[in-house]
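**Student:** Modelling step: build the complete structure from the supplied sequences, incorporating the hints.
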Amino acid sequence: ALLPQMSKAPRLAALPLHKQLTKQFTTKEIIHWDTLAEAFASEMAAETELFGGEKGETRREDLRRRVIEHNLLVVGAYYKRVTLARLGELLCLDAAETEKRLSDLVVAKKVSARIDRPGGVVDFNPDSRGADWLLNQWVGKVDKLLDVLDKSNHLIHKEAMAHKVSLE
Numbered sequence: 001a002l003l004p005q006m007s008k009a010p011r012l013a014a015l016p017l018h019k020q021l022t023k024q025f026t027t028k029e030i031i032h033w034d035t036l037a038e039a040f041a042s043e044m045a046a047e048t049e050l051f052g053g054e055k056g057e058t059r060r061e062d063l064r065r066r067v068i069e070h071n072l073l074v075v076g077a078y079y080k081r082v083t084l085a086r087l088g089e090l091l092c093l094d095a096a097e098t099e100k101r102l103s104d105l106v107v108a109k110k111v112s113a114r115i116d117r118p119g120g121v122v123d124f125n126p127d128s129r130g131a132d133w134l135l136n137q138w139v140g141k142v143d144k145l146l147d148v149l150d151k152s153n154h155l156i157h158k159e160a161m162a163h164k165v166s167l168e
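Numbering (full-length UniProt numbering), first residue to last: 1 to 168.
Source of the hints: derived by calculation from the structure; they are not laboratory data. A portion of the hints provided could be inaccurate.
Cut-off 20 Å, straight-line C-alpha distance, at most; resulting in silico cross-link-like pairs (PhoX-like, lysine-lysine) [what the hints assert, rightly or not]:
no. : residue 1 : residue 2
1   : 164       : 141
2   : 141       : 151
3   : 100       : 110
4   : 8         : 28
5   : 110       : 80
6   : 80        : 55
7   : 80        : 28
8   : 110       : 28
9   : 8         : 19
**Tutor:** Structure (structure tokens):
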């Protein structure tokens, strides 16, 4: 995590806008892209080497994508379950882009979430239900396995008796 270290750098105090941007990314608060782009528009326009030229628009889009990723991580920290519509509202995105950005983070294993498309619901941290839940799931699976073994044993003995075959 380079960003928290960088936010503590003493030389960052000489760059107040950069310090403000760094602080926004290190706090667990949603960053609104429109507000951020407006607040830093003059700074981005002045950085012609970074945001100008052929790659300028790509870099601006990368920054926007990073803001969306930050916001999804923040929402994942505060919400266990949220509708896609509400998530889109929080991120100021439409449903399709919200789902795409969330899916990208899940595939990259940056966030743990499960999307229920028919229900329109996102479950964050679906596997963190606790040790009791995991043990109950395990016990249920062991019970099913033992039932299958018991039925198989019964059917084997039934066939052996029908054909008068010794199992020993």
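**Student:** Can the restraint linking residue 141 and residue 151 be considered satisfied, given a maximum Cα separation of 20 Å?
**Tutor:** It holds: about 15 Å lies between the C-alpha atoms, which stays within 20 Å.
**Student:** Is the hinted pair residue 110 and residue 80 satisfied, with a Cα-Cα distance of at most 20 Å?
**Tutor:** holds, 16 Å
**Student:** Keeping to a limit of 20 Å between CA atoms, is the pair of residue 110 and residue 28 held or broken?
**Tutor:** Since the Cα atoms of residue 110 and residue 28 sit roughly 15 Å apart, the hinted pair holds (cutoff 20 Å).
**Student:** Going straight from one Cα to the other, do residue 80 and residue 55 come out at no more than 20 Å?
**Tutor:** With a Cα-Cα distance of about 38 Å, the restraint between residue 80 and residue 55 is violated, given a limit of 20 Å.
**Student:** Taken at face value, is the distance from the CA of residue 28 to the CA of residue 8 at most 20 Å?
**Tutor:** holds, 17 Å
**Student:** Given the hint that residue 80 pairs with residue 28, test it: the Cα-Cα distance must not exceed 20 Å.
**Tutor:** holds, 15 Å
**Student:** Against the 20 Å threshold, does the CA-CA distance of residue 8 and residue 19 hold or violate the hint?
**Tutor:** Given pair residue 8, residue 19 holds - Cα atoms ~9 Å apart, limit 20 Å.
**Student:** Take the C-alpha atoms of residue 100 and residue 110, compute the straight-line distance between them, and say whether it is at most 20 Å.
**Tutor:** Holds, at roughly 14 Å.
**Student:** Between residue 164 and residue 141, is the straight-line Cα distance small enough, at 20 Å or below?
**Tutor:** Not OK: residue 164 and residue 141 at ~34 Å, beyond 20 Å, violated.
Against the hints set out earlier in the document, violations occur for numbers 1, 6.
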